[in-house]
Amino acid sequence: MRRRRARTGTLLAAAALLAGLLGTGGSAAGAGGPRGEALVHAAAAAPRNAVQGENCDTGTSLPPRQQVGARIQEIRKRGYLIVGVDQSAYNWGYRDSQTGRIEGFDIDLARAVARSILGDPDKVRLKTVATADRVKLLQAQPQTVDLIARAMTITCDRLAQISFSAPYFRVSQRVVAPKAAHARSVAEALGGKRVCAALNSSSHNELKADPHGAASVVTPDNQLDCLVLMELGEADATLSDSSLAAAMVAQDQTMELAGESFLPTYMGVGMNKNDTDLVGWVNQVLVDWRNSGAWQASYDRWLRPGMGDPGPYRPW
Amino acid sequence: MAAQTQGGVRAPSPTRAPEPVPDPGADGRLPVGRPSGPLARLRSASRTPPGRLRTALAGLVALALLFGVTAAWQSAQRSAAARQLASRSEPLSQDAAEIYRSLADADATAAAGFLMASAEPPEVRKRYQDDLATAARLIPQAAARSGASADAQRQLAVLGEQLPRYAGLVETARAINREGLPLGGAYLRYASNYLQTSVLPNAQRIADGEAAALDGDYDAAAAVPWAALVLGVLLLGALGRQQVLLFRRTNRVFNPGLLTATAAVLAALAWTAVGTVSAGTDLHRARTQGIDPLRDLNRVRVEALQAHTAENLDLVSRGATEAFKERWDALARTLTASARDTGSVAGLLAAPPERARQQLADARRWFDEWQQRHAEAARLDAEGRYEETLSKTLAPGRDDTAEAAFNAAGQQWAQAGRAEQAAFDAAAGGVDGTLAVQAAATALLAALAVGGTVRGLGRRLAEYR
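Going down the list, the sequences are from chains E and G. The numbering of the first sequence is full-length UniProt numbering, which starts it at 1 and goes up by one. The numbering of the second sequence is full-length UniProt numbering, which starts it at 1 and goes up by one.
These are calculated hints, taken from the structure and not from any lab test. It is possible that part of the hints are untrue.
As the list claims (entries may be wrong) - Derived DSS-like pairs: lysine-lysine, alpha-carbon spacing no greater than 30 Å straight-line:
| id | chain 1 | residue 1 | chain 2 | residue 2 |
| --- | --- | --- | --- | --- |
| 1 | G | Lys126 | E | Lys208 |
| 2 | E | Lys136 | G | Lys126 |
| 3 | E | Lys123 | E | Lys136 |
| 4 | E | Lys273 | G | Lys126 |
| 5 | E | Lys273 | E | Lys136 |
| 6 | E | Lys77 | E | Lys273 |
| 7 | E | Lys179 | E | Lys208 |
| 8 | E | Lys77 | E | Lys136 |
| 9 | E | Lys123 | G | Lys325 |
| 10 | E | Lys77 | E | Lys123 |
| 11 | E | Lys273 | E | Lys123 |
| 12 | G | Lys126 | G | Lys325 |
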């Protein structure tokens, strides 16, 4: 049943994508409208990037449509959008200590949503949230954030509790290790080593399921703590999402992404399950973001220096 | 007459009184078998009146000497402990507490400077450097004091090695932060964690060890010289009894020598008793106005510093870890607890030392203000207004921030600490001198008692020649 639905979604997504490419997707009350509750599979157009689902489809979301519902009304009444972000993920969502502003790829996306709903990219209030609080904050009543743009991977567990936008980035697990270690594969980079991963991250879960030969595993609260531990010689390698792995390498030129990437997943914008109007709206923003070249521009500004060619990271 | 009354009061009941040496066989009748040896010779010698007198003389002189030596020695011991308390263990104990507080202050200040980044005012930087300099200066100073135990010496040496490592981590964090990289915040977290989990516990052990040594000196200085008091009373009784015996045998009311000895022993006893009470009162005041409030104050100051660190590091690390928010909550709970709970700000005012009452009351007001401003900042934070949260928490040159209120409370606490220190010095300062004089005086009076006894009984003995 789920599989068939996903396949339908794939076809619809291809149609939506085509519509987007033809320039019709950007209009208000957009392409997904007439199709009602049909699902969109954003990855359909690029099978080489397909993510292996666990037992759900992490690439699907509501169709893009800009229709004003309860949540959008509330945001417009309030006059600003509240977005949960990170302030320590370099180039994704981080506070520039010179300007004091939070900036990065995820922040560009948050501002694009604010401009779309309120006509001004600055009508946004960025609220730093902890990794562990993300799902809880979206479910809490009264809801203190509208959406969360914080390098959040779409998982089946989370899909059961909150809604996600269509994927806007494709990540996988990567190993960060000192260049001096000359590791050519994941097995080489982790085998017999003291491996670090952020507590309760997907990387931590992966190491619990398969230690990849690690001699020991240390789990601080944040993946940046892992970089400190490696610099101080208290850990040999770090396993992390490729997004944050790239952020680590960007801050320390003596580190590199070692070996192959594995376990591909999607990143999406997290929202409350009831805010279907917002989910559809954000999906439309994502279509516009991609088509206008803004996704590419943000990638070039923040991520290309550390991650290179965007090919492996495009979710479509 | 006075002497007789005195003697009569102290001596056992007259019916059993006449024998100065408690020897049942010496009561006029001859025992059947005559044992030989020095003890027997003594026994036979004491059977004659001059023999009894000689025995009494020897016993009284021995008892007087024993009393004099014991009383003087005990007073001298207590004088030495009081001197140690005032001049060595107390400063050492304060050094250990100061090392701890300087390091905790460095931690809080480093986090504040980090948050201000390029806007960090020079005085914040200076405060951090002064903290480290204070710790670096006090560590060898504490180690050099002869009172530091081998354990303390070892821990101080480790502390001396940990300090540069901590400073290096903080400088790395600052340098990275100035490049605009979030990695700087992670370094600062690591540095703070290193300080909290490795350096401060070590400093705490030193402070605890020194506090225990201080308590030991205090107990020694305040000890009641029971041995001297009991010996003195025994000696008085023996002297009185001897005078009663002499009165019965010679019908002379006064024996000037024994009377002098009795007066001397009475004076020595009175001096010891009054001196003990006086030293005890002073030491008690040193404890209630100095040692105890200083310890409570130190504890509260350190808790407040750690809460301040958590407050700042939470702003540095939000999104990365919730650990600092939790730490703030825990410390704020302790600090704002009721006056009955140890470590609460209210507890400092439960029975404040007179000299520090005003400062402690002012500090309390600033502390409440700090908590209020923190709550206000937390409310702004909950609304996602980071910039306003930050400027409500700390901003260079502004006095309406949480940081400014914390600093004002800290200054009042520091003044209260100095006042309590002064109260301690005033109370404990003269005790060693008083006890030293007491030692000399009791020794002299005991010598006088020996002289009086020899003279008094010597006269009686001479009558048998």
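So, going through the hints one by one against the coordinates:
Between the alpha carbons of lysine 126 of chain G and lysine 208 of chain E the distance comes to roughly 47 Å, so the proposed pair goes past 30 Å and is violated. A distance of roughly 42 Å separates the Cα atoms of lysine 136 of chain E and lysine 126 of chain G; the hinted pair therefore is violated under the 30 Å criterion. For the proposed pair lysine 123 of chain E and lysine 136 of chain E, the alpha carbon gap of about 24 Å is at most 30 Å, so the pair holds. A threshold of 30 Å between alpha carbons decides the hint, and for lysine 273 of chain E with lysine 126 of chain G the separation of about 52 Å lies outside it, so the pair is violated.
Straight-line distance between C-alpha atoms of lysine 273 of chain E and lysine 136 of chain E comes to about 12 Å, which keeps the hinted pair within the 30 Å bound. For the given pair, lysine 77 of chain E sits about 21 Å from lysine 273 of chain E by alpha-carbon distance, which is consistent with the 30 Å threshold. The straight-line distance between the Cα atoms of lysine 179 of chain E and lysine 208 of chain E is roughly 26 Å, inside the 30 Å bound, and the hint therefore holds. For the proposed pair lysine 77 of chain E and lysine 136 of chain E, the alpha carbon gap of about 24 Å is at most 30 Å, so the pair holds.
The hinted pair formed by lysine 123 of chain E and lysine 325 of chain G meets the criterion: a straight-line CA distance of about 28 Å does not exceed 30 Å. This hinted pair checks out: lysine 77 of chain E and lysine 123 of chain E have alpha carbons roughly 12 Å apart, not beyond 30 Å. Under the criterion of a C-alpha separation no larger than 30 Å, the hint pairing lysine 273 of chain E with lysine 123 of chain E is consistent with the structure, at around 24 Å. For the given pair, lysine 126 of chain G sits about 27 Å from lysine 325 of chain G by alpha-carbon distance, which is consistent with the 30 Å threshold.
Taken one by one, the earlier hints fail for this structure at numbers 1, 2 and 4, listed in ascending order.
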